[in-house]
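S.K.: Respectively, the protein sequence lines represent chains A and B.
Residues 1 to 113 in my numbering are what the first sequence lists, from first letter to last.
Residues 1 to 115 in my numbering are what the second sequence lists, from first letter to last.
Source of the hints: derived by calculation from the structure; they are not laboratory data.
C-beta atoms are modelled at their ideal positions from N, C-alpha and C, and glycine is treated no differently.
Don't take every hint at face value.
[Claimed, not checked] With a cut-off of at most 30 Å between alpha-carbon atoms, the simulated DSSO-like pairs for lysine-lysine come out as follows:
hint: 1; chain 1: A; residue 1: 100; chain 2: B; residue 2: 18
hint: 2; chain 1: A; residue 1: 100; chain 2: B; residue 2: 65
hint: 3; chain 1: B; residue 1: 57; chain 2: A; residue 2: 100
hint: 4; chain 1: A; residue 1: 100; chain 2: B; residue 2: 69
hint: 5; chain 1: A; residue 1: 100; chain 2: B; residue 2: 71
[Unchecked claim] Chain B is faced by these chain A residues, among others (derived, beta-carbon under 10 Å):
hint: 6; residue: 4
hint: 7; residue: 49
hint: 8; residue: 95
hint: 9; residue: 102
Each chain is listed here by its residues.
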Amino acid sequence: AQSVTQPDIHITVSEGASLELRCNYSYGATPYLFWYVQSPGQGLQLLLKYFSGDTLVQGIKGFEAEFKRSQSSFNLRKPSVHWSDAAEYFCAVGISGTYKYIFGTGTRLKVLA
Amino acid sequence: EAQVTQNPRYLITVTGKKLTVTCSQNMNHEYMSWYRQDPGLGLRQIYYSMNVEVTDKGDVPEGYKVSRKEKRNFPLILESPSPNQTSLYFCASSLSIPTKDSPLHFGNGTRLTVT
Chain A
1 AQSVTQPDIH
11 ITVSEGASLE
21 LRCNYSYGAT
31 PYLFWYVQSP
41 GQGLQLLLKY
51 FSGDTLVQGI
61 KGFEAEFKRS
71 QSSFNLRKPS
81 VHWSDAAEYF
91 CAVGISGTYK
101 YIFGTGTRLK
111 VLA
Chain B
1 EAQVTQNPRY
11 LITVTGKKLT
21 VTCSQNMNHE
31 YMSWYRQDPG
41 LGLRQIYYSM
51 NVEVTDKGDV
61 PEGYKVSRKE
71 KRNFPLILES
81 PSPNQTSLYF
91 CASSLSIPTK
101 DSPLHFGNGT
111 RLTVT
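If we strip away everything but chain A, and leave its shape as in the complex, we get (with noise of 0.2 Å):
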């Protein structure tokens, strides 16, 4: 069956510091990839996407992404995190030649000035 996980329900990082939260998915084939962003009280944000080419994306914010076939993992990555980067960030699945859309069940980001 075809999951999502995000193996870390909360992470704290001090400003400046650089930022990575996980995410791993199974599903048979390249499955469209997302990661959202959802700041308190908002909807979700779209940050960055993949389905094929460069395995390293660049998205909104200073995010970048890093597709591993192999590991079938989707990494979200920050250099540096400002103040702003907390909210709750969610990886997504989307199944190729459906409308399904698959969630993992978020990370809570808590940045220390």
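Based on the hints, put chain B in the right spot on chain A.
M.R.: Showing chain B alone in chain A's frame:
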């Protein structure tokens, strides 16, 4: 401005009292969907619609109804709400089936409390 609009943002109701949460998008998107977000469970799909008059069940459809009479609107109906439907609800839309160039656009959410 391209957006998905949900109303109301907050709703408190009592068990059994029918309610409707509205969702409207102005991007001429074919696909619309409803999700509920619960702590530790992430987003789970309730219903989705591929186009006008075409809807299908998601992963957690029990206790919900939807309709898609117009392309822009996709209301979520709870005919007899129960406390286990207390949750944060999101409407989302996309141009077509999920692809790299057709990501989901989300509304700002509706927080529903059923007492």
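S.K.: Is residue 57 (chain B) within 30 Å of residue 100 (chain A), Cα to Cα?
M.R.: Roughly 11 Å between the alpha carbons, so the hint for residue 57 (chain B) and residue 100 (chain A) holds.
S.K.: Under the criterion that the straight-line Cα-Cα distance not exceed 30 Å, is the pair residue 100 (chain A), residue 65 (chain B) satisfied?
M.R.: Roughly 18 Å separates the two Cα atoms, so the pair holds.
S.K.: Per the CB criterion, is residue 102 (chain A) less than 10 Å away from chain B?
M.R.: holds, 8 Å
S.K.: Grab the minimum C-beta distance from residue 95 (chain A) to chain B and call the hint holds if it beats 10 Å, violated otherwise.
M.R.: With a closest approach of 7 Å, the residue 95 (chain A) hint holds.
S.K.: Would you check the hint for residue 100 (chain A) and residue 18 (chain B), treating anything up to 30 Å between C-alpha atoms as holding?
M.R.: Distance ~28 Å between residue 100 (chain A) and residue 18 (chain B) Cα, so the pair holds.
S.K.: Within 30 Å, alpha carbon to alpha carbon, are residue 100 (chain A) and residue 71 (chain B)?
M.R.: holds, 19 Å
S.K.: Interface hint check: residue 4 (chain A), Cβ to nearest Cβ on chain B, cutoff 10 Å. Holds or violated?
M.R.: holds, 8 Å
S.K.: With chain B as the partner, please determine if residue 49 (chain A) meets the hint condition of a C-beta pair closer than 10 Å.
M.R.: holds, 5 Å
S.K.: Given the hinted pair residue 100 (chain A) and residue 69 (chain B), is their Cα-Cα distance within 30 Å?
M.R.: Within the cut-off at roughly 21 Å; holds.
Figure legend: structure checked against the earlier numbered hints; every hint is met.
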